[in-house]
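Mind docking chain B on chain A? Use the hints.
2 protein chains.
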Amino acid sequence: MKIYLAGPDVFLPHAMDIGRRKQVMCREFGFEGLFPLDNDDDVAGAPAKIFRANRDLMRQADIGLFNCTPFRGPSTDAGTAFEIGFLSAAGKPLYGYRGSEADYRANVVATFGPVSAGDRPRDRLGLAVENFGLADNLMLTEAIRDSGGTMIALEAREEPALAAFEAFRACLERLRSDRTQAHVAERTR
Amino acid sequence: MKIYLAGPDVFLPHAMDIGRRKQVMCREFGFEGLFPLDNDDDVAGAPAKIFRANRDLMRQADIGLFNCTPFRGPSTDAGTAFEIGFLSAAGKPLYGYRGSEADYRANVVATFGPVSAGDRPRDRLGLAVENFGLADNLMLTEAIRDSGGTMIALEAREEPALAAFEAFRACLERLRSDRTQAHVAERTR
Numbered sequence: 000m001k002i003y004l005a006g007p008d009v010f011l012p013h014a015m016d017i018g019r020r021k022q023v024m025c026r027e028f029g030f031e032g033l034f035p036l037d038n039d040d041d042v043a044g045a046p047a048k049i050f051r052a053n054r055d056l057m058r059q060a061d062i063g064l065f066n067c068t069p070f071r072g073p074s075t076d077a078g079t080a081f082e083i084g085f086l087s088a089a090g091k092p093l094y095g096y097r098g099s100e101a102d103y104r105a106n107v108v109a110t111f112g113p114v115s116a117g118d119r120p121r122d123r124l125g126l127a128v129e130n131f132g133l134a135d136n137l138m139l140t141e142a143i144r145d146s147g148g149t150m151i152a153l154e155a156r157e158e159p160a161l162a163a164f165e166a167f168r169a170c171l172e173r174l175r176s177d178r179t180q181a182h183v184a185e186r187t188r
Numbered sequence: 000m001k002i003y004l005a006g007p008d009v010f011l012p013h014a015m016d017i018g019r020r021k022q023v024m025c026r027e028f029g030f031e032g033l034f035p036l037d038n039d040d041d042v043a044g045a046p047a048k049i050f051r052a053n054r055d056l057m058r059q060a061d062i063g064l065f066n067c068t069p070f071r072g073p074s075t076d077a078g079t080a081f082e083i084g085f086l087s088a089a090g091k092p093l094y095g096y097r098g099s100e101a102d103y104r105a106n107v108v109a110t111f112g113p114v115s116a117g118d119r120p121r122d123r124l125g126l127a128v129e130n131f132g133l134a135d136n137l138m139l140t141e142a143i144r145d146s147g148g149t150m151i152a153l154e155a156r157e158e159p160a161l162a163a164f165e166a167f168r169a170c171l172e173r174l175r176s177d178r179t180q181a182h183v184a185e186r187t188r
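If you read the protein sequences in the order shown, they are chains A and B. Once you know that position 58 of the first sequence is 57 in numbering that gives the first Met the number 0, the rest is easy, because the numbers rise by one and skip nothing. Once you know that position 109 of the second sequence is 108 in numbering that gives the first Met the number 0, the rest is easy, because the numbers rise by one and skip nothing.
Isolated chain A (complex conformation) (with noise of 0.2 Å):
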């Protein structure tokens, strides 16, 4: 099973390394972790390139597991949005993890201040703020749950928090227990 590892990832420094852990760490859990190539010697610089690389493995991949940590704000990466929304119109099981146990809400009001009180937030400039618990913008959220997949949250204790190690982790635990079992029901059908 190919896994695209999606995430903000790749702009951390030593983002390869952080890609080849993560990648053994699918090993260990009996999957293949597909990398994104923004740092490849062979694509680097070239967002065209980068782009088109990164759509092949996605295409490859059998399953998406996004790191959703915030970034540069209160939501998921706008590259790994658009990926989530890639393999979810093309119907694959979609994964989300994060660094953070925070609901969208609450970063946005970490990051911006105060929302109006009630059921229907808004910030400070007026737009109104999705209130539902989740962990960020419905889309990414519903997408991930209505493919059969599901975000975990764990708080980040280990360096570098956007890496989301920990919650990395379950993420694969839960992976590997979800997949025995649609073989196990598949193999008793």
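Where hints are given, some of them may not hold.
DSSO-like mimics (lysine-lysine), calculated; alpha carbons at most 30 Å apart, straight line [as the list claims (entries may be wrong)]:
hint : chain 1 : residue 1 : chain 2 : residue 2
1    : A       : Lys48     : A       : Lys91
2    : A       : Lys1      : A       : Lys91
3    : B       : Lys91     : A       : Lys48
4    : A       : Lys91     : B       : Lys48
5    : A       : Lys1      : B       : Lys1
6    : A       : Lys1      : B       : Lys91
7    : B       : Lys91     : B       : Lys1
8    : A       : Lys48     : B       : Lys48
9    : B       : Lys91     : B       : Lys48
10   : A       : Lys48     : A       : Lys1
11   : B       : Lys1      : B       : Lys48
It should be emphasised that the hints constitute simulated quantities derived from the structure, not laboratory data.
Just chain B, lined up with the frame of chain A:
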């Protein structure tokens, strides 16, 4: 031709009015605009229903038209980024528009302060900042380009700036021109 009108417009005060105005503009150009149903009475408050309703609209659409004006940070709204990915995987033509002409690097500086000098800048947390002179994360801009579409940036002069009406209109003009040329090319082939 049905166009899916993605964007953070759904979070604006009077979102439904803004959606209707964009739909009227679509009709002027000979298109049918499909506006996301986040605020529709039938689904409001139910994230799973909103997700499915918007996904159904995307599946009906022939073209994706995305409001990529930065939202709560230097990037496109995460839900909109998701939808770019969704329609990219579906192989549909994608067009973007934005009410700001600044590139991604400038948006990061405006939001989080100075970045390091050089070809491969990093922000104050040491995270790499894409520095390709693109409007946003390359996965978004290159997906649009690869689809045959384009991204149009025009500084918004009309309120609400987030709706980016001027860039929206310019994008509809481009879309009509591209469609007309494609139609002529097909007829004279």
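Going through the hints against the structure:
1. Between Lys48/A and Lys91/A, the direct Cα distance comes to roughly 24 Å. Compliance with the 30 Å bound is thereby established for this hinted pair.
2. Using a Cα cut-off of 30 Å, the hinted pair Lys1/A and Lys91/A holds, with the two alpha carbons roughly 11 Å apart.
3. Restraint check: the Cα-Cα separation between Lys91/B and Lys48/A comes to about 20 Å, which is no more than 30 Å; the hinted pair holds.
4. Restraint check for Lys91/A and Lys48/B: the C-alpha separation of about 20 Å stays at or below 30 Å, so the hint holds.
5. The hinted pair formed by Lys1/A and Lys1/B fails the criterion: a straight-line CA distance of about 35 Å is larger than 30 Å.
6. As the CA atoms of Lys1/A and Lys91/B are separated by approximately 26 Å, the hinted pair is consistent with the 30 Å bound.
7. Restraint check for Lys91/B and Lys1/B: satisfied, since their Cα atoms lie roughly 11 Å apart, inside the 30 Å limit.
8. The straight-line distance between the Cα atoms of Lys48/A and Lys48/B is roughly 37 Å, outside the 30 Å bound, and the hint therefore fails.
9. This hinted pair checks out: Lys91/B and Lys48/B have alpha carbons roughly 24 Å apart, not beyond 30 Å.
10. For the hint pairing Lys48/A with Lys1/A, the CA-to-CA distance comes to about 22 Å; that is within 30 Å, so the pair holds.
11. Straight-line distance between C-alpha atoms of Lys1/B and Lys48/B comes to about 22 Å, which keeps the hinted pair within the 30 Å bound.
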